[in-house]
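A.B. asks: Residue numbers (my numbering), protein chains in the order written: chain E, 1 to 113; chain X, 114 to 229.
Source of the hints: derived by calculation from the structure; they are not laboratory data. Glycine residues also receive a C-beta, built at the ideal position from the N, C-alpha and C atoms. A portion of the hints provided could be inaccurate.
If the Cβ cut is set under 10 angstroms, some of the chain X residues that face chain E in the computed set are [what the hints assert, rightly or not]: (1) 126; (2) 139; (3) 141; (4) 155; (5) 158; (6) 162; (7) 196; (8) 203; (9) 206; (10) 208; (11) 218; (12) 219; (13) 223.
Taking CB as the label site, the calculated pair distances span [to be verified]: (14) E:64 - X:121: 31 to 39 angstroms; (15) E:12 - X:168: 42 to 50 angstroms; (16) E:1 - X:133: 29 to 37 angstroms; (17) E:52 - X:123: 37 to 45 angstroms; (18) E:113 - X:195: 43 to 51 angstroms; (19) E:16 - X:125: 37 to 45 angstroms.
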Amino acid sequence: AQSVTQLGSHVSVSEGALVLLRCNYSSSVPPYLFWYVQYPNQGLQLLLKYTSAATLVKGINGFEAEFKKSETSFHLTKPSAHMSDAAEYFCAVRNQAGTALIFGKGTTLSVSS
Amino acid sequence: GAVVSQHPSWVICKSGTSVKIECRSLDFQATTMFWYRQFPKQSLMLMATSNEGSKATYEQGVEKDKFLINHASLTLSTLTVTSAHPEDSSFYICSARATGVEKGYTFGSGTRLTVV
Numbered sequence: 001a002q003s004v005t006q007l008g009s010h011v012s013v014s015e016g017a018l019v020l021l022r023c024n025y026s027s028s029v030p031p032y033l034f035w036y037v038q039y040p041n042q043g044l045q046l047l048l049k050y051t052s053a054a055t056l057v058k059g060i061n062g063f064e065a066e067f068k069k070s071e072t073s074f075h076l077t078k079p080s081a082h083m084s085d086a087a088e089y090f091c092a093v094r095n096q097a098g099t100a101l102i103f104g105k106g107t108t109l110s111v112s113s
Numbered sequence: 114g115a116v117v118s119q120h121p122s123w124v125i126c127k128s129g130t131s132v133k134i135e136c137r138s139l140d141f142q143a144t145t146m147f148w149y150r151q152f153p154k155q156s157l158m159l160m161a162t163s164n165e166g167s168k169a170t171y172e173q174g175v176e177k178d179k180f181l182i183n184h185a186s187l188t189l190s191t192l193t194v195t196s197a198h199p200e201d202s203s204f205y206i207c208s209a210r211a212t213g214v215e216k217g218y219t220f221g222s223g224t225r226l227t228v229v
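Only chain E is shown next, with the shape it has when bound in the complex:
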């Protein structure tokens, strides 16, 4: 069955520092992977997605992620954190049926000035 594991429930960085949010996946088929951001009491906004094309995926707001099959990873990075990046981030994989998304437990990103 498909699953994702997000390492670190809480990540704190200083403004301007590198952001690295970790996600490892388990999939019995070539995975479709996603990163979403959620602000309090709001829905999810897509940051980027991997659908078997380029392994380095660029998303919105300066985020990018690299698909590494050998490491079964899809870590999210941003070179320089901004205060507005503080939010909850979810990694997700499409389920085996190819329909719904299965989410990780989420990582809370805090950005300090």
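Mind docking chain X on chain E? Use the hints.
C.D. replies: Frame of chain E; chain X shown alone:
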């Protein structure tokens, strides 16, 4: 871009009453819609998948008779929480998917349900 509208954004109801949550795709046809439940500080748990014109497929452990899902058109799916109890209090989020994975999954803004 694809927009999903979810209403209401928050609702308070008394125990024993029913609450209906609507999820509409505004600028695309959603052949498939999904309903998730999110507890505070936790991840999204898939409740059910609904396809237009057919019965919803519920995940294991989700009560079909309590969480009624209707997907009567390509732009509207509804979730009705029947005979609500305080333990049903949660954040419910819908998601819609157009044809082709390239279209992605678009999420509604969520509904905060509080049962008192």
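A.B. asks: Compare the structure with each hint and give your call.
C.D. replies: Evaluation of the provided hints:
1. With a cut of 10 angstroms, the hint placing residue 126 of chain X at the interface with chain E is violated, because the nearest CB-to-CB distance is about 18 angstroms.
2. Given hint, residue 139 of chain X at the interface with chain E, is violated; its Cβ is 14 angstroms from that chain's nearest Cβ, farther than 10 angstroms.
3. Evaluation of the residue 141 of chain X hint against chain E yields a violated restraint, the C-beta minimum of about 14 angstroms exceeding 10 angstroms.
4. The closest approach between the C-beta of residue 155 of chain X and any C-beta of chain E is roughly 7 angstroms, which is under the 10 angstroms cut-off, so the hint is satisfied.
5. Hint status for residue 158 of chain X relative to chain E: holds, with the closest Cβ pair at about 8 angstroms, below 10 angstroms.
6. This hint holds: residue 162 of chain X has a C-beta 5 angstroms from the nearest C-beta of chain E, less than the 10 angstroms allowed.
7. Taking 10 angstroms as the C-beta cut-off, the interface hint given for residue 196 of chain X is violated, the closest approach to chain E being about 26 angstroms.
8. Interface restraint check for residue 203 of chain X: the shortest CB-CB distance to chain E comes to about 12 angstroms, outside 10 angstroms, so the restraint is violated.
9. Satisfaction of the interface hint for residue 206 of chain X is found here, the shortest Cβ-Cβ separation to chain E being roughly 6 angstroms, below the 10 angstroms cut-off.
10. Because the beta carbon of residue 208 of chain X sits about 7 angstroms from the nearest beta carbon in chain E, less than 10 angstroms, this interface hint is met.
11. At a threshold of 10 angstroms, the smallest CB-CB gap from residue 218 of chain X to chain E is about 6 angstroms, leaving the interface hint in force.
12. A cut of 10 angstroms between beta carbons decides the hint on residue 219 of chain X: the least distance to chain E is about 8 angstroms, and the hint holds.
13. Interface hint at residue 223 of chain X: satisfied, since its Cβ lies 5 angstroms from the closest Cβ of chain E, which is below the 10 angstroms cut-off.
14. The given range of 31 to 39 angstroms is respected by residue 64 of chain E and residue 121 of chain X, whose C-beta atoms sit roughly 36 angstroms from each other.
15. In this structure the hint that residue 12 of chain E and residue 168 of chain X lie 42 to 50 angstroms apart at CB holds, the actual value being about 45 angstroms.
16. Residue 1 of chain E and residue 133 of chain X have their C-beta atoms about 32 angstroms apart, which keeps the hinted 29 to 37 angstroms range intact.
17. Separated by about 39 angstroms at the C-beta atoms, residue 52 of chain E and residue 123 of chain X satisfy the suggested range of 37 to 45 angstroms.
18. Distance hint check for residue 113 of chain E and residue 195 of chain X: the Cβ-Cβ separation is about 48 angstroms, which falls inside the suggested range of 43 to 51 angstroms.
19. Taking the beta carbon of each, residue 16 of chain E and residue 125 of chain X are about 42 angstroms apart, inside 37 to 45 angstroms as hinted.
Checked against the numbered hints given earlier, this structure breaks hints 1, 2, 3, 7 and 8; the rest are met.
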